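Heads up: the sequence shown is residues 6 to 295, going by this note's numbering.
In short, the hints are calculated from the structure, not lab data. Being a predicted model, the structure only gives us computed values, none of them experimental. Ideal Cβ placement from N, Cα and C applies to all residues, glycine included. Possibly wrong hints are sitting among the right ones.
[As the list claims (entries may be wrong)] Computed Cβ-Cβ distance ranges for the label pairs, DEER-style:
(1) Pro-40 / Gly-286: 44 to 50 Å
(2) Ile-28 / Glu-175: 33 to 39 Å
(3) Ile-48 / Gln-121: 34 to 40 Å
(4) Ser-285 / Thr-9: 29 to 35 Å
(5) Phe-69 / Trp-281: 40 to 46 Å
(6) Leu-277 / Val-113: 24 to 30 Å
(7) Leu-151 / Trp-75: 35 to 41 Å
(8) Ala-32 / Ser-285: 17 to 23 Å
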Amino acid sequence: MNRTRGIAVFLLLTFGIAWATWIPLFAIGITPRDPRYQLWGAIPGFAPALAAIIVRRFVTREGFGDAGWWPRLRDHWRYYLAAWLWPLFVGPLTIALAWGTGLSQPDVSLQRAFAQPELGASLPPAELVALSPFALFLPFMFLCLLSVPILWGEEFGWRSYLQIRLFAEEPLKAAIATGLLWGVWHVPFLLAGGNFPNQPLLGLLIFPITTTLWSILFGWLRLKTGSSWPSAVAHAAANTFGGTWLSLLFFGGPNWELVSFGSVLAWVPMGLLCAWLIASGQLRPERSSA
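Put together the whole structure using the sequences plus the hints.
Shown next, in the form of structure tokens:
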């Protein structure tokens with residue numbers, strides 16, 4: 006009963022804090038693509054962590070024994086490396102599928118992407134050379150590490166509280182349930198044009214499946230390390246490398262909503278990765294000290 010009450014309060018706070026921030030912002034025209042959004046966007050991002058802290062301390066009073074505060078990098082550096090590099094498996098296969106199916110063609114010049122109003126006026130060739138995806142690859146890979154503390158705000162709540170309590174002895178069921186809730190939590194963000202700016206309603210259908218697949222991978226990282234930080238690294242890699250760098254290759258082209266990193270074609274390599282984790286027994290419950 007105590008656990009059920011904790012989960013209920015966690016969800017109420019997580020949804021309440023985030024939606025109470027998002028909805029007024031979007032109502033006055035500050036959307037995710039507005040520079041002013043950056044001033045306020047961290048509040049929803051830290052809602053899950055804040056909710057988890059409040060529940061652990063004041064609602065269930067269970068404390069922070071399994072919270073996964075510490076990085077434990079020395080013991081689990083291989084998992085950190087996997088968390089950082091996993092888009093290098095999903096990304097190239099997504100590009101190949103987009104090309105092979107004819108849904109879209111990557112534009113390595115980036116001229117198409119930077120001609121879109123969302124990114125500004127078309128840039129001259131000399132500037133585009135400096136902004137080629139090849140030149141941007143390493144900067145984006147390292148830039149993602151800077152966003153890890155921000156994404157920790159989500160992971161400390163979703164992974165280090167909710168996912169280890171829902172179906173505690175059945176990590177796959179926990180990942181599916183958490184992933185769907187995580188996707189639904191994004192509804193105001195998606196409706197305002199986040200992730201799927203031209204097809205927000207389609208995003209409502211696509212993104213919960215994406216977050217479910219991500220929850221399997223991120224939950225595995227939490228399960229194996231007992232820390233909330235590897236999943237924060239994986240989340241940052243998905244957003245910065247996959248969601249930004251890879252998306253530039255297709256932005257402005259046909260079927261962008263289907264070929265971006267968090268969308269339908271990426272489900273294929275992501276599904277293969279998740280299938281391997283499941284089939285190889287990687288999701289078997291383990292007791293990890295935090």
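Do the hints match the structure? See the list:
Between Pro-40 and Gly-286 the beta carbon distance is about 46 Å. The supplied range of 44 to 50 Å therefore holds. For Ile-28 paired with Glu-175, a C-beta distance near 34 Å keeps the hint of 33 to 39 Å intact. With their beta carbons about 28 Å apart, Ile-48 and Gln-121 fall outside the hinted range of 34 to 40 Å. Ser-285 and Thr-9 have their C-beta atoms about 32 Å apart, which keeps the hinted 29 to 35 Å range intact.
In this structure the supplied range 40 to 46 Å is violated for Phe-69 paired with Trp-281, their Cβ-Cβ distance being about 32 Å. For the pair Leu-277 and Val-113, the beta carbons lie near 25 Å from each other, so the given range of 24 to 30 Å is met. About 20 Å separates the C-beta atoms of Leu-151 and Trp-75, a value inconsistent with the hinted range of 35 to 41 Å. The hinted range of 17 to 23 Å is not satisfied by Ala-32 and Ser-285, whose Cβ atoms lie roughly 47 Å apart.
When held up to the earlier numbered hints, the structure conflicts with 3, 5, 7, 8 and fits the remainder.
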